[in-house]
Amino acid sequence: MKVKVRELFFSYPNFTLKVKDLNFESSKITSIVGPNGAGKSTFLKCLCMINTGWKGAVLINGEDLYGMKGSKRAQIIGYVPQEQNLIFNFSIIDFVLMGRTPYLNLLSKPSKKDLEMAEEALKFVGIKDYKGRGILELSSGERRLVLIARTIVQEPEILLMDEPTSFLDPKHEIEIMELIKSLSAKMGKTVILTLHNLDLAIKYSDNLVFMKEGDIVGSGRTQEVLSEEILEKVYDIKMKIVEINGHRVILR
Amino acid sequence: MNGKSNKRIKIGFLLIIILPVLVSIISLLIGSYPISFKDVLKTFLSIFSSAGLKEIPEVYRDIILKIRLPRIILALTVGASLSVSGASLQALFRNPLVNEYILGISSGAAFGASLSIVFFGKGFPVELASFIFAFIAFYSVLFIAKGTGSDVISLLLTGVIVTAFFTSLLTMVEFLANPYSLQSLFFWLMGSFSLAGWKEVLYSLPFMFIGMTFLFLYRWKMNVLSLGDEEAKALGLNVKLEKLLIMIATTIATSSAISATGIIGWVGLIIPHISRMIFGVDNRKVIPASAFIGATFLLLADDFSRGITSFEIPVGIFTSIIGIPFFIYFLKKSGKLWA
Amino acid sequence: MRFLKLFLIFSFLFSSITFSNEIEIKDELGRVVKIKENVERIISLQPEITRIIVAIGCGGKLVGKDYFVHKHDHIFYSIFPEGKTLPLVSRSGADINLEFIIKLNPDIIFVSPTDSWMVDKIEKYSKIPVLALSSMGSFEKLKEEMKLMGVITRKSERVSELINYFESKIKFLEGRVSVEEKKPRVYLSFWSSLIRTPVHYEPVNIAGGINVAEGLSPSYEGTVGTVVSIEKIIKWNPDIILIHGNYPPEERTITVESVLSDKRLGSLGAIKKKKVYYTFGFWFWWDPAEVLFETVYLSKLFHPSRFSDIDIVKEGKEIFKKFYNESRTFELLFKRLKCNEWKIK
Numbered sequence: 000m001k002v003k004v005r006e007l008f009f010s011y012p013n014f015t016l017k018v019k020d021l022n023f024e025s026s027k028i029t030s031i032v033g034p035n036g037a038g039k040s041t042f043l044k045c046l047c048m049i050n051t052g053w054k055g056a057v058l059i060n061g062e063d064l065y066g067m068k069g070s071k072r073a074q075i076i077g078y079v080p081q082e083q084n085l086i087f088n089f090s091i092i093d094f095v096l097m098g099r100t101p102y103l104n105l106l107s108k109p110s111k112k113d114l115e116m117a118e119e120a121l122k123f124v125g126i127k128d129y130k131g132r133g134i135l136e137l138s139s140g141e142r143r144l145v146l147i148a149r150t151i152v153q154e155p156e157i158l159l160m161d162e163p164t165s166f167l168d169p170k171h172e173i174e175i176m177e178l179i180k181s182l183s184a185k186m187g188k189t190v191i192l193t194l195h196n197l198d199l200a201i202k203y204s205d206n207l208v209f210m211k212e213g214d215i216v217g218s219g220r221t222q223e224v225l226s227e228e229i230l231e232k233v234y235d236i237k238m239k240i241v242e243i244n245g246h247r248v249i250l251r
Numbered sequence: 000m001n002g003k004s005n006k007r008i009k010i011g012f013l014l015i016i017i018l019p020v021l022v023s024i025i026s027l028l029i030g031s032y033p034i035s036f037k038d039v040l041k042t043f044l045s046i047f048s049s050a051g052l053k054e055i056p057e058v059y060r061d062i063i064l065k066i067r068l069p070r071i072i073l074a075l076t077v078g079a080s081l082s083v084s085g086a087s088l089q090a091l092f093r094n095p096l097v098n099e100y101i102l103g104i105s106s107g108a109a110f111g112a113s114l115s116i117v118f119f120g121k122g123f124p125v126e127l128a129s130f131i132f133a134f135i136a137f138y139s140v141l142f143i144a145k146g147t148g149s150d151v152i153s154l155l156l157t158g159v160i161v162t163a164f165f166t167s168l169l170t171m172v173e174f175l176a177n178p179y180s181l182q183s184l185f186f187w188l189m190g191s192f193s194l195a196g197w198k199e200v201l202y203s204l205p206f207m208f209i210g211m212t213f214l215f216l217y218r219w220k221m222n223v224l225s226l227g228d229e230e231a232k233a234l235g236l237n238v239k240l241e242k243l244l245i246m247i248a249t250t251i252a253t254s255s256a257i258s259a260t261g262i263i264g265w266v267g268l269i270i271p272h273i274s275r276m277i278f279g280v281d282n283r284k285v286i287p288a289s290a291f292i293g294a295t296f297l298l299l300a301d302d303f304s305r306g307i308t309s310f311e312i313p314v315g316i317f318t319s320i321i322g323i324p325f326f327i328y329f330l331k332k333s334g335k336l337w338a
Numbered sequence: 000m001r002f003l004k005l006f007l008i009f010s011f012l013f014s015s016i017t018f019s020n021e022i023e024i025k026d027e028l029g030r031v032v033k034i035k036e037n038v039e040r041i042i043s044l045q046p047e048i049t050r051i052i053v054a055i056g057c058g059g060k061l062v063g064k065d066y067f068v069h070k071h072d073h074i075f076y077s078i079f080p081e082g083k084t085l086p087l088v089s090r091s092g093a094d095i096n097l098e099f100i101i102k103l104n105p106d107i108i109f110v111s112p113t114d115s116w117m118v119d120k121i122e123k124y125s126k127i128p129v130l131a132l133s134s135m136g137s138f139e140k141l142k143e144e145m146k147l148m149g150v151i152t153r154k155s156e157r158v159s160e161l162i163n164y165f166e167s168k169i170k171f172l173e174g175r176v177s178v179e180e181k182k183p184r185v186y187l188s189f190w191s192s193l194i195r196t197p198v199h200y201e202p203v204n205i206a207g208g209i210n211v212a213e214g215l216s217p218s219y220e221g222t223v224g225t226v227v228s229i230e231k232i233i234k235w236n237p238d239i240i241l242i243h244g245n246y247p248p249e250e251r252t253i254t255v256e257s258v259l260s261d262k263r264l265g266s267l268g269a270i271k272k273k274k275v276y277y278t279f280g281f282w283f284w285w286d287p288a289e290v291l292f293e294t295v296y297l298s299k300l301f302h303p304s305r306f307s308d309i310d311i312v313k314e315g316k317e318i319f320k321k322f323y324n325e326s327r328t329f330e331l332l333f334k335r336l337k338c339n340e341w342k343i344k
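Protein chains in written order, with numbering that gives the first Met the number 0: chain G, 0 to 251; chain W, 0 to 338; chain C, 0 to 344.
I should point out that these hints are in silico values taken from the structure, not numbers from a laboratory.
Model, not experiment: these values are computed from the prediction.
Be careful, since some hints might not be right.
Claimed, not checked - Below are the EDC-like pairs computed for lysine to aspartate or glutamate, each with C-alpha atoms no more than 20 Å apart in a straight line: (1) C:K273 x W:E57; (2) C:K262 x W:E199; (3) C:K272 x W:E173; (4) G:K3 x G:E62; (5) W:K65 x C:E256; (6) C:K271 x C:D261; (7) G:K68 x W:E199; (8) G:K108 x W:E241; (9) C:K234 x W:E241; (10) G:K71 x W:D228; (11) G:K202 x G:E223; (12) G:K71 x W:E57; (13) W:K198 x C:D261; (14) W:K65 x C:D261; (15) C:K271 x W:E57; (16) G:K71 x W:E241; (17) C:K262 x W:E57; (18) C:K146 x C:E156; (19) C:K25 x C:E143; (20) C:K35 x C:E143; (21) C:K102 x C:E39; (22) C:K334 x C:D308; (23) C:K70 x W:E173; (24) G:K1 x G:E154; (25) W:K284 x G:D113; (26) W:K198 x C:E317; (27) G:K68 x W:E241.
Given only the sequences and the hints, what does the whole structure look like? Please build it.
Structural data, given as structure tokens:
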């Protein structure tokens, strides 16, 4: 699914997001990186219509996002938030089942097939013992996995994830990124992430988008766009790119 | 608590469906006029066959079919209506302390109904004015609390303010009312089923059912909405619209209940909690469960209010006596409420 | 010697002027209040008391009026036109202008026992004696009230005259009624509700009827009403149902027609025989002339054969003339409540 962004313009007090011309490659992983307040999350939320009232065009395979019906959009675009403020202790399986909402109308309720999909998704992300447990009882890492499972059952072509590795320890960081990689490689999903961790971004992304203060500073294939100049421009400090064992690493 | 076995849930549901039926039968026996169980049964069955019609004294038929039966039906429906509304509001606002009273709906409805009783007379349907002002009050709370972040404190505070406002408007109505309307108004405000007849049932039942049906159909979406606005949007819901529709439905359900019987408090707060404690937080179960448990609860409360003493205690007093300790208990247990 | 005589006369006069006796009264809220024996400035927030004061000719001692006689009393300005110039000291049942009342410097304030909060409020901020008095549906208490008014306004003679008149009329009615063996059982639907009824309403008793709710406990202290249920009414199966008729016809929701057509009451004998009538009932307690008239009216209603010679309208005019020195007011009341539709012959 190709995602094209043209003349996206979104402002609120003290901040303006401007994306002139940006394409997201189909079935690839694109990471949006940049300092705090660059507008990465804001951009992501515009792409899944959590933020509305922006100007411009976002075309999904040629179709305008803005005019799309909510349920249809949710069948195409899935969103994994960074933080959640959960109040009710839903069972894990019920929580994942909520991902099927875009396919349910008012009179239909989740069916057996939906249930099977939910169970499959949980298996895929590696959550084994979910029976009898509630969403509030999970660790943040497990909860992140369950969220991804929920997004999987939406069967979206495009996955948006806001800081999927935040609050996770290194082991779980890698786990999540590997999972995301397989989502793109095995399931062919177009994945758009925001990431704080530059090293992870470099290691796992096919494409990078650099943002600063609401603007796109640079974008392209990871190997091509990454440079010490662009890093200094975006982060306002000098950094060095070093190659170790074939991997490029950032030294501050 | 969450992986409740299916079997347990099925048994639970069976119980809560049978319970109101049982209590209804018992309620038919309660009242100042002594009628034996056999006679109650005969009278009830005479609805369906005119065969035994002549045997049964006219007074039995009047009491069972024109006094007790409509009252029972009204109590059941109001109990269900208030409970389902309460559960829906708690999902909508993602907060278990929310209920129709705190959000100003009750006082708005009461004001609307009193305005109608005092100034518009018998011709004008009380339910309409009740609904309009209930909605205005509800909307005001949301509108005022919006800027402050709609966390529970600001919501409660705003609710208190709006409730106070409509209560003072109500006082103004009392002030301007002639003595006749004033008397009937005071009586109505106490919240009771003592004058419930088929007329009250027929006027308010359809609205309560409309409201409840809508909320029932929306129970899955309520689950999603209770995740929070952002996630609900991401899952494809038109959050603004859905919330508005649920608001309207709960207001219809609540205001029609209030316009029939006056203000009966606490039901919308405690019944959903009991439902969740038994069945978990999934609204697919909580909504219907609240309806049945709420119906039983209010019917029992009404039975107490007319059965215990020779004079009738307004049923709202019973729901307060039971509701307030519950409320305090829940307040203390706040963290683990939805487990 | 002459000097001594003068001295004795002066000291006697002097003592009777400066020594006011105090009376101790226990009011309907159980409070014991000391009041002066001679009062000049009265505020009555209890319309029944106000009426008595006017009837005994002491309307001039009133220094303020309450909202009820101003706004809701059908006949107050007819029996006491001067009342129009009296200042208003309350605007609703829930509000008294206490500052203003204190400023008017009354010697005594009368309130209704149903407004105990008024007593608390007045006592909190002033030392003016407050009495919560009402007939509570009883003629004994009504007469006691009248006697008290007579004492404190020094109009005992006039009061005796009225009480004698009252008692003789009652005696007359009782005399004719006592012959009757069968007393009709009566249910009173008061205060705009089918299920609110007074636990004591003496006119019914004097007229030879039995109040089915007699003896029940009132809803709370200071009131005479209680709330029953429709089933209770059916259980009682009264012979006659009386409806509170002191409300003007256009304001009534409980009407003879609505009761006769109430499907729940269909089994009652009173409904079947159409023995549902209006009576006056309390209008924030009683007007002594009106309640006396009501007793005559009810006597004839319950026992028509015994009172076939009584012309109700004539009786009413006579009673009101006795109390208020004119009968125009009676006609006014009669017209306002459309009593001609009450089947009074």
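Does E241 of chain W sit within 20 Å of K234 of chain C, going by the straight-line distance between their CA atoms? Violated - the C-alpha atoms of E241 of chain W and K234 of chain C are around 51 Å apart, more than 20 Å.
Given pair status - E62 of chain G, K3 of chain G, alpha carbons within 20 Å: holds (10 Å)
20 Å limit on alpha-carbon distance, applied to hinted pair K271 of chain C and D261 of chain C: holds (12 Å)
Would the hint linking K198 of chain W and E317 of chain C be met if the CA-CA limit is 20 Å? Distance ~46 Å between K198 of chain W and E317 of chain C Cα, so the pair is violated.
Do the alpha carbons of K71 of chain G and E241 of chain W lie within 20 Å of each other, as the hint requires? Roughly 16 Å between the alpha carbons, so the hint for K71 of chain G and E241 of chain W holds.
What's the verdict on K334 of chain C and D308 of chain C, does the C-alpha distance respect the 20 Å limit or exceed it? Distance ~23 Å between K334 of chain C and D308 of chain C Cα, so the pair is violated.
Mind checking the alpha carbons of K68 of chain G and E241 of chain W for me, to see if they're no more than 20 Å apart? holds (14 Å)
Hey, K65 of chain W versus E256 of chain C, does the alpha-carbon distance stay inside 20 Å? holds (19 Å)
Does the structure keep K271 of chain C and E57 of chain W at a Cα separation of 20 Å or less? Answer holds: K271 of chain C to E57 of chain W is near 12 Å, not above 20 Å.
Holds or violated: are the alpha carbons of K68 of chain G and E199 of chain W at most 20 Å from each other? Roughly 43 Å separates the two Cα atoms, so the pair is violated.
Given the hinted pair K262 of chain C and E199 of chain W, is their Cα-Cα distance within 20 Å? holds (14 Å)
Within a Cα-Cα threshold of 20 Å, do K25 of chain C and E143 of chain C meet the stated pairing? This hinted pair holds, its Cα atoms lying about 12 Å apart.
When each numbered hint is compared with the structure, violations occur for hints 3, 7, 9, 12, 22 and 26.
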